[in-house]
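Below, each chain spelled out in residue letters.
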Amino acid sequence: MADLKLTDVEKAYGEVKVLSDINLDIQQGELIVFVGPSGCGKSTLLRMIAGLEKITGGTLEIDGMVVNDIPPAQRGIAMVFQSYALYPHMTVRDNMAFALKIAKKTKAEIDAAVNKAADILQLGPYLDRLPKALSGGQRQRVAIGRSIVRDPKVYLFDEPLSNLDAALRVATRIEIAKLKESMPESTMVYVTHDQVEAMTLATRIVVLAGGGIAQVGTPLELYDRPNGEFVAQFIGSPAMNLLPGEVVETGAQTRVKLDGGGVATVQIPTTDADKGLKVNLGVRPEDLIASDDEDYLYQGEVDLIEALGELTVLYFKPDAPDANPVLAKLAGTHADLRGKTVKLKADPAKLHLFHNKVSLLYR
Amino acid sequence: MTPVLQGLLTIIIGVGGCVGYFYASNIILDKVIFPAKGPQTGRNINRANKVRPWLFLFPAMFALGLYLVYPVVGSFYRSLFNRAGDEFIGLGNYANLFAEEAFRTAVFNNLLWVLVVPAMATFLGLLVAQLTDRMAWGNIAKSLIFMPMAISFVGASLIWKFVYSANPDIGIINSIRDSMGLSPVDPLQIPFWNNFFLMFILVWIQTGFAMVILSAALRGIPEETIEAAIIDGANPFEVFFQIKVPQIMGTIVVVWTTITILVLKVFDIVYTMTGGNFDTEILPSYMMSFMFRDDGRATAVAFVIMLLVLPVMIWNIRQARKEMR
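Sequence lines, in order, name chains A and B.
Following the numbering used here, the numbering of the first sequence begins with 944 at its first residue and continues without gaps.
Following the numbering used here, the numbering of the second sequence begins with 63 at its first residue and continues without gaps.
It should be emphasised that the hints constitute simulated quantities derived from the structure, not laboratory data.
There could be a bad hint or two in this list.
Said to hold, decoys possible - Selected chain B positions facing chain A (in silico; Cβ < 8 Å):
no., residue
1, P284
2, E286
3, T287
4, E289
5, A290
6, I292
7, I293
8, D294
9, G295
10, P298
11, E300
12, I305
13, P308
14, Q309
No experiment lies behind these values; they were computed from the predicted model shown.
Note that the Cβ used here is the ideal one computed from N, Cα and C, for glycine as well.
Using the sequences provided together with the hints, build the complete structure.
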């Protein structure tokens, strides 16, 4: 149960820097999620916190103490691995008791801790089974139980749900959310590449990209006010559309003329100096609505339709063959739109403006 | 006829014979014994299909019977006869064996070998496998340790004859003693301990085998279980003995029993080093000393060895099968 503070943390393998300038202040009781594309170093960062990877620069503090050179076991952390990492030759009970046995706790203490964790995770009936006799979800619960037993200051989760099938993943995700709720004092760091997990579980999300932190914020902050094109497109699915254009009117609201012929009014203030600025207008597929107004934001021919029942995803024919198609997510079923030209508009409050990949909100 | 032609002919006859056997036997089964016609067509087809696997199994079973089962039975039969083979003496050879001091020594020594050599070779192999794992020059060390595997037992014995030589200019043991001002000894003549000097040769050879297999097994342990143990606070020894070793226990047992079986068969080392003198006799070399002189006695020893190997063998096969699953 502690704060976690990373100051200028970096990781280099020889000459190659994979992570740099990582500054993070994690408060006690927070559930922080690291997300990012594969290879962004999110697992490496977690393993550095765990002590499985050496920190090559900067400092890591747990509970106000610098732990850079302290071995993993003494950092007060517990880790749940993607592959569960259960000891295959030990029963569920022994798996959970292992850390306490190593720590030379008394049998009574061990039994009490194991039984408590088993109760929380409903593992009681399986305590004397070997891991191979458990399902994937049960194994992951044992792995979580192994952490709980140690009563750590910080819980670390390394993609804990990736090896589960879709239905189980949702169920286990909810279990983890409940577990967090039942232990409001504990700090958790959670790595995932699944943004649904990130959005639903996180107190704050840390988006990692290109060896650094792209943005830190609550899930909805990242969704509503991304600081750049990367975060804007990474959070939300399908990804945000980016439409190139030019600022034509400035002020409390900004008017943008788009290269595709459309126009848009955006609720982002700009100054006179911004007139003529080349920008990318960002609009999420779910914020687009079909319209017959003169003032449309985008118009195009529907190339492909994905009818999902409660909503329909429209793929518009791109202007250039290699350009990303514009996507729109409309409520209800619109199977008849294929091949037709559709005009779209959006609520001015839901539009984003980027210049040089940086949001105009964060200049 | 040139050897090449002979070889070709053998191949043609052998392969052709196999094909001919399978073809003809199936034809006979389907057309003559259980023809698929007449009032009992269905029953005949079912019966033919029940017999068919045995047609295919027959050659292998015949060959194994001829070269494995018959020798066992034949040996046992021969062991019930006297030296010349013309007088049935029941278990007389066995009774004589157990009455003989040399045989009891051989059994005792063999027991020592079976206890010490597999244990030492497996332990050292495991140690080397662990220590050289993920080390820059680990592979060089491993190839050096594996090299004795490529030497024949007789060749190895010759090398060690030099090591154990009583001449301080040749043998390293006596060279060391000499440098300390001690008089030379012949290690192979020190009673009881000379057994261990001989065993060490086989350990030296077999450590490489154990190391290679166990090294592969160690690599197969999921890395995360080790990391989890480190986070759980286990020190390197606890990781090794409580996490790694239990996970490769099956492989350790297979290596152990494989070496045990080998130990019960190796006669070369004792035969070349001491000829069984100075109380170093073990069963296989003891058997060799009777071969062609008293076949009744020799086959009786062979049978005793087989009875000793059998349980280990069965256990070994069971473990190996478990590993494969």
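Hint-by-hint comparison with the structure:
| no. | hint | result |
| --- | --- | --- |
| 1 | P284 | 7 Å, holds |
| 2 | E286 | 3 Å, holds |
| 3 | T287 | 5 Å, holds |
| 4 | E289 | 5 Å, holds |
| 5 | A290 | 4 Å, holds |
| 6 | I292 | 6 Å, holds |
| 7 | I293 | 5 Å, holds |
| 8 | D294 | 4 Å, holds |
| 9 | G295 | 3 Å, holds |
| 10 | P298 | 11 Å, violated |
| 11 | E300 | 6 Å, holds |
| 12 | I305 | 6 Å, holds |
| 13 | P308 | 4 Å, holds |
| 14 | Q309 | 6 Å, holds |
In summary, the one numbered hint that this structure violates is 10.
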